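Protein chains in written order, with the numbering used here: chain V, 2 to 207; chain X, 2 to 207; chain S, 2 to 207.
Where hints are given, some of them may not hold.
For identical chains, the list gives no copy identity; a pair is met inside one copy or between any two copies.
To be verified - Derived pair list, reagent style DSSO-like, types lysine-lysine, alpha-carbon separation capped at 27 Å:
id, residue 1, residue 2
1, LYS111, LYS201
2, LYS201, LYS88
3, LYS203, LYS84
4, LYS194, LYS150
5, LYS150, LYS30
Keep in mind that the hints were calculated from the coordinates and are not lab data. All figures in this text were calculated on a predicted structure; none of them were measured in a lab.
These are the residues of each chain, in order.
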Amino acid sequence: MSNINISFILEALGTFAFAISGIRLAAQKDFDLFGAFVVGFVTAVGGGTIRDLLLDTRPFWMTDSIYLIWTLTALLFVILFRKYLIKMNNTFFIFDTIGLALFTVVGIEKSLIAEFPFWVAIIMGTITGVAGGIMRDICINEIPLIFRKEIYALACIFGGICYHVCHINGLDQMFTQIATCSTVLVIRILAVKLKISLPKIKGENA
Amino acid sequence: MSNINISFILEALGTFAFAISGIRLAAQKDFDLFGAFVVGFVTAVGGGTIRDLLLDTRPFWMTDSIYLIWTLTALLFVILFRKYLIKMNNTFFIFDTIGLALFTVVGIEKSLIAEFPFWVAIIMGTITGVAGGIMRDICINEIPLIFRKEIYALACIFGGICYHVCHINGLDQMFTQIATCSTVLVIRILAVKLKISLPKIKGENA
Amino acid sequence: MSNINISFILEALGTFAFAISGIRLAAQKDFDLFGAFVVGFVTAVGGGTIRDLLLDTRPFWMTDSIYLIWTLTALLFVILFRKYLIKMNNTFFIFDTIGLALFTVVGIEKSLIAEFPFWVAIIMGTITGVAGGIMRDICINEIPLIFRKEIYALACIFGGICYHVCHINGLDQMFTQIATCSTVLVIRILAVKLKISLPKIKGENA
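Whenever a hint applies, use it, and build me the whole structure from the sequences.
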């Protein structure tokens with residue numbers, strides 16, 4: 002299978018998993034079908050949209066209707082299989098982490114093509130990975146989950162540093178992409194399995 | 002009366018009604034005059050602003066101070082006539098629906114001028130119509146109303162489909178605009194009168 | 002000391018104070034280090050970012066890593082000195098107000114360079130000063146403070162009017178900047194000392 006086909010499938014899985022996470026939370030909050038669709042779409046494409054606005058390029062989902070179609074598929078999936086969703090949590094977790102890894106790489110590469118320095122590219126990779134989830138939680142009126150729990154954004158940042166190290170050492174692009182994705186995947190999976198989280202910031206009254 | 006004058010008046014009514022809806026909710030939440038103004042302005046111009054950022058064109062309200070003036074008028078109106086606002090609910094509903102219809106058409110046409118495909122134009126029409134209300138509800142820290150109640154965005158989507166059908170059949174632009182607005186108006190009014198709403202999305206525990 | 006050095010130091014103080022305000026609120030909400038950093042950064046650069054997106058120029062913090070560094074410094078500061086933060090409230094208040102004044106001037110001048118009319122420049126100055134705080138409060142899931150309390154945005158608006166009056170009278174740019182900053186500072190400090198606030202907007206049931 003060619004490289005393009007693999008990344009197409011991985012990106013689809015990631016988009017699907019991100020949309021599913023938004024739609025499931027919308028369902029818990031008593032949203033209607035339209036609200037669930039919007040929250041799913043925002044979760045799936047929100048991070049890349051903010052990145053594209055900051056980079057001043059056309060938002061990626063406006064050039065290809067596939068992201069809309071994947072979100073509609075996710076909506077249909079939740080409607081049809083809602084009783085089995087909990088049992089699929091591990092699968093969704095893997096898809097979601099694949100999405101996170103892939104979105105990070107896409108964000109970094111788009112920024113480097115636009116000739117931004119590496120520290121901007123790492124931030125853009127992280128925004129691509131996490132901002133959709135932040136917008137999702139704002140839409141359902143909750144404090145964004147990733148501000149309080151789990152190593153999530155940090156996996157993107159380490160992925161970005163890995164990309165940078167490969168890049169300055171002149172390594173092959175495909176190797177760099179795979180190494181970056183693997184870094185994000187390993188850190189995220191280890192953090193969840195070993196229940197590692199970032200320390201809380203202590204307030205003045207703590 | 003010329004076409005330009007009619008659409009000027011209708012757009013003013015829509016802006017005014019959108020601003021009023023934001024200011025009234027701000028009043029319920031104990032906002033001060035500045036907060037009420039901001040929420041009114043965000044409700045009135047937020048959807049079009051997000052559309053223009055996505056389309057990479059200058060935000061429409063930055064080229065003409067009339068939107069600012071309509072929002073200030075709405076603020077003054079709420080201050081002066083607050084005791085009579087509830088009695089005017091039906092009037093506001095009509096103005097608001099006119100705004101929704103007109104904003105949808107403006108969003109579609111701006112996207113087509115920018116040479117986007119029709120599915121993007123329909124999304125942009127819908128964003129123009131509904132995103133201001135979503136931003137309003139985020140500002141007052143509530144779950145966006147349109148995610149849970151009423152046929153609202155769906156009216157924009159059907160309006161967009163109507164525009165598309167007229168367009169591919171080569172119908173006159175003014176007829177197309179009137180047909181689109183009428184579609185939005187009729188669907189929205191029927192949905193409210195007949196209390197039709199979209200089904201909820203069921204969660205895994207439902 | 003040259004003009005550039007002074008404004009560099011003042012801008013640093015403002016960025017630092019804005020970031021501190023976000024990080025302290027994040028700490029009250031049980032955020033982890035990453036969440037606190039994001040909220041601090043959003044508070045510090047959010048207003049200028051929205052301004053730059055609306056003006057269609059490159060977001061200022063993407064061209065210089067100093068804003069990132071100031072936010073990291075603020076994070077470290079809160080971690081190290083959290084027991085003494087309350088005692089420093091007056092100092093933070095002064096820094097924050099300096100930031101507000103300076104950000105207002107930056108927002109106005111960027112808009113005028115982009116050849117927008119003065120009423121747009123005043124709005125952009127105000128957005129630069131206050132939108133970061135609004136985004137901060139949305140991130141921590143609270144109603145934005147400035148919609149309900151204190152004269153804050155109004156100080157920016159009066160600063161903007163002062164800039165306009167100096168400008169149309171052909172006064173020297175440096176004098177205009179100092180007069181504008183002073184206007185913002187005096188109004189903000191007087192409002193807090195004299196406990197002046199804007200009237201609430203009364204709802205229909207009040």
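Hints versus structure:
no., hint, result
1, LYS111 / LYS201, "neither (32 Å within a copy, 38 Å between copies)"
2, LYS201 / LYS88, "between (31 Å within a copy, 22 Å between copies)"
3, LYS203 / LYS84, "between (40 Å within a copy, 10 Å between copies)"
4, LYS194 / LYS150, "within (14 Å within a copy, 39 Å between copies)"
5, LYS150 / LYS30, "both (20 Å within a copy, 12 Å between copies)"
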